[in-house]
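Novice: Now for the letters of each chain:
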Amino acid sequence: MKVGIADTTFARYDMASDAIDELKKRVSVDIARYTVPGIKDLPVASKKLIEEEDVDIVMAFGMPGPEDIDKRCADQASNGIINAQLMTNTHIVEVFVHEDEAEEKNLPEVAEGRARSHARNVIKLIKSPKKLIKDAGKGKREGYPDLGSIRR
Amino acid sequence: MKVGIADTTFARYDMASDAIDELKKRVSVDIARYTVPGIKDLPVASKKLIEEEDVDIVMAFGMPGPEDIDKRCADQASNGIINAQLMTNTHIVEVFVHEDEAEEKNLPEVAEGRARSHARNVIKLIKSPKKLIKDAGKGKREGYPDLGSIRR
Amino acid sequence: MKVGIADTTFARYDMASDAIDELKKRVSVDIARYTVPGIKDLPVASKKLIEEEDVDIVMAFGMPGPEDIDKRCADQASNGIINAQLMTNTHIVEVFVHEDEAEEKNLPEVAEGRARSHARNVIKLIKSPKKLIKDAGKGKREGYPDLGSIRR
Amino acid sequence: MKVGIADTTFARYDMASDAIDELKKRVSVDIARYTVPGIKDLPVASKKLIEEEDVDIVMAFGMPGPEDIDKRCADQASNGIINAQLMTNTHIVEVFVHEDEAEEKNLPEVAEGRARSHARNVIKLIKSPKKLIKDAGKGKREGYPDLGSIRR
Amino acid sequence: MKVGIADTTFARYDMASDAIDELKKRVSVDIARYTVPGIKDLPVASKKLIEEEDVDIVMAFGMPGPEDIDKRCADQASNGIINAQLMTNTHIVEVFVHEDEAEEKNLPEVAEGRARSHARNVIKLIKSPKKLIKDAGKGKREGYPDLGSIRR
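Residue numbers (full-length UniProt numbering), protein chains in the order written: chain E, 1 to 152; chain F, 1 to 152; chain A, 1 to 152; chain S, 1 to 152; chain R, 1 to 152.
Keep in mind that the hints were calculated from the coordinates and are not lab data. Every residue gets a Cβ at the ideal spot worked out from N, C-alpha and C, and that includes glycine. A portion of the hints provided could be inaccurate.
Listed next, the in silico BS3-like pairs over lysine-lysine satisfying Cα-Cα at most 25 Å (straight line) [stated by the list, open to error]:
1. A/Lys138 with F/Lys138
2. E/Lys131 with F/Lys2
3. R/Lys130 with E/Lys25
Cβ pair distances, simulated, as ranges [as the list claims (entries may be wrong)]:
4. R/Glu53 with E/Asp68: 34 to 42 Å
5. S/Lys134 with R/Ile126: 24 to 32 Å
6. R/Ser28 with E/Asp54: 30 to 38 Å
7. R/Lys134 with E/Glu51: 53 to 61 Å
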């Protein structure tokens, strides 16, 4: 199993290292890491990891700032990441933490939780996709407590 | 007839099971199910079902949360789903229920209704597309009562 | 001349029948009609009409509801319709009537007018594109009175 | 030099004729003109001019109305025009004048100025692209007075 | 190392010259410069630099104006730039300075800082991509002081 890791120097927390740690603790894995300046550089970095480094899946980490322009950049990056997946038939798991989604002092915990949680998702997607079916509709959240299913 | 089912662990209701039940009650059908973490993973999952599992059509189930970021994610997923259809000339019927489109206690009923209703649409699209023509312009709704045509 | 007609069961008025009537009154034409559930199913339906039914042009009819979510769906459909045209070098004339663009009692008249007007546009685009040049910049409107050119 | 001209019957001023006049006054040029109903028909018309009429460059003229829906249509057209350029490696110079960007009585002057100014840009892009370099960062505007560079 | 430089006559500051100066001070580099009228012309210009001038990477400079329409144009350009990267597997580093992101008198300093900073990023991306990994998550900013990592 080979995992591509794309992340940015713009982000204010190093989620990729948490994710790599989580992956290595759980499975035998090769890592190809590609750090780029900003969130809009992630789509092509992810696609290059897939097509030039032959990874099985990519995790793309970004931390959009709190301004409207940051949100718009994140949306553009997300669209690019979806397009890159469609062009390659390969998953790129987007792991974005918005600077304003929690108080600054709590952001590292959210970011680490999300990074590790998505690392576990990545392992399931590649190693045992059928395991995800039993969690379908279960209100899973990454970086926060699961919300669970809505009861009738 | 082989139907691809793509859904998420993020959703808080398992619409896919209702849809599979509805399909199996009505036609002889093979199912390929692919559960992914979130709504933005649905486009590539749907495309992989089409190109790697050779399904005739896909149903893509998602349940966006109530926040603005959730709406934006849903829009990005929708754009990706449309692109995936154009790349494959294959229908991917999007079945999204927004958490805030009804009171929480009523969501399961809306979600089940929409899932079953779109399962019936899927059967028509593959088995008898001409049957849909007689409902053109009839104000059909999935998960709610039909609105009907506007009268002069 | 073969015209593809893509429309929806979601719409609350059957514009396609008006357009087909207008086309048949004016030219010898074959029609391939493809009715789908919703507006977001129109892009792939249009592309399939072009590539699988070998039509010369497509008319895509939709009637977005009055809510914000309906507007967003219509925008996604429009983007998909533009992409489908670019992928096929074939016109797909979008004929959308928004439920809130007129009082409900007046919608059928707007919808019929727009459908018939665009049917005439379709004939010109295929049979005599040069005729459109003399109307360039003339403030033509479909479903409403023409606004005409702005005078100096 | 062959220039494609794509414009609409929706527009309320015939910018294309001004641009063609400006082109012909300055260079020996062949024109292929393609008038379509609305702004969303411009992307495929432009692409067809490039691929079926073998033009060197396209000018795409549109005049979006003042309503929100008109703005959204213009944005969709712009995205399509950018995609068409990427698919063909050919410039499509977008010349849009918004009906609400000036008082109605002043719109023809803005529109003519923008059309002629972009016609001159088109000549430079094809005949002498290096000439544009010396105007880089100079705050050029089409249809309005140039703003010039910002001084330190 | 060959760097493509795409910029505009619309911009009110010549960032490209600063970037070229920074590149030449630091590495042996060939430059291919392509100036276009506006920000929406940048995607195809960048793609042509990659495919026709055989550059290793592109820097795309734009300076969107303060109006809503300018922001929307910038967003469309950004989407096109991301698509061009995905189509070519080549980085196009977007260097946009918004006219309203600082007081006019301070804009040249921001613009020069951002241009030079991204020129250094470009060198790293091509010459020593591994060096960027040690800055991952460090809150780097271009044109402003770095924000640094968020501490637990």
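Novice: If a hint holds in the structure, say so; if it doesn't, say that too.
Specialist: Consistency of the hints with the structure:
Only pairs whose Cα atoms come within 25 Å are accepted, and A/Lys138 paired with F/Lys138 is rejected, the gap being roughly 35 Å. For the hint pairing E/Lys131 with F/Lys2, the CA-to-CA distance comes to about 22 Å; that is within 25 Å, so the pair holds. For the suggested pair R/Lys130 and E/Lys25, the alpha carbons sit about 24 Å apart, so the restraint of at most 25 Å is met. At about 35 Å, the beta-carbon gap between R/Glu53 and E/Asp68 stays in the expected band of 34 to 42 Å.
Range check, S/Lys134 to R/Ile126: about 28 Å between beta-carbon atoms, so the 24 to 32 Å window is met. Checked against the hint of 30 to 38 Å, the pair R/Ser28 and E/Asp54 passes, with Cβ atoms roughly 31 Å apart. Here the CB-CB span from R/Lys134 to E/Glu51 is close to 25 Å, at odds with the stated 53 to 61 Å.
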